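K.L.:
Sequence:
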Amino acid sequence: MTSPAAPAKDEQQPPTGLGLGAALAAWVALLIVLNVMVQPLVAGAAFVGLVTLAWRAG
5 MTSPAAPAKD
15 EQQPPTGLGL
25 GAALAAWVAL
35 LIVLNVMVQP
45 LVAGAAFVGL
55 VTLAWRAG
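Be aware that the sequence shown starts at 5, since it is given in our numbering, and climbs by one per residue.
Simulated from the structure, these hints should not be mistaken for lab results.
If a hint is listed, it holds; no wrong ones were tucked in.
Estimated spans, in silico, between C-beta atoms of each pair:
1) A58 to G23: 47 to 57 Å
2) R60 to L28: 45 to 55 Å
3) L24 to A61: 51 to 61 Å
4) G25 to G62: 49 to 59 Å
5) G62 to A29: 42 to 52 Å
6) G62 to L28: 42 to 52 Å
7) V55 to L24: 41 to 51 Å
Because the structure is a prediction, the values reported are computed rather than measured.
C-beta atoms are modelled at their ideal positions from N, C-alpha and C, and glycine is treated no differently.
Let the sequences and hints guide you as you build the complete structure.
P.N.:
Right, here's the structure in full:
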C-alpha cells in the first residue's frame, strides 16, 4: 500500500508544476491576445465616436 502511494505522489508533483506553468503561460497568452484584440476595438470605437461628434458638430 505504501509503495503505490509514494509513486502516485511523485507522479502528481511534476504535473502540478507543469500545470502551474501552463496555467501561467495560458493567462499571459490570454492577456496578450485580449490586449491585441481589444486595443483596435477601443481605438475603432474612439475613432467612430470622434467622427460622429465631428459630423454632428459640422
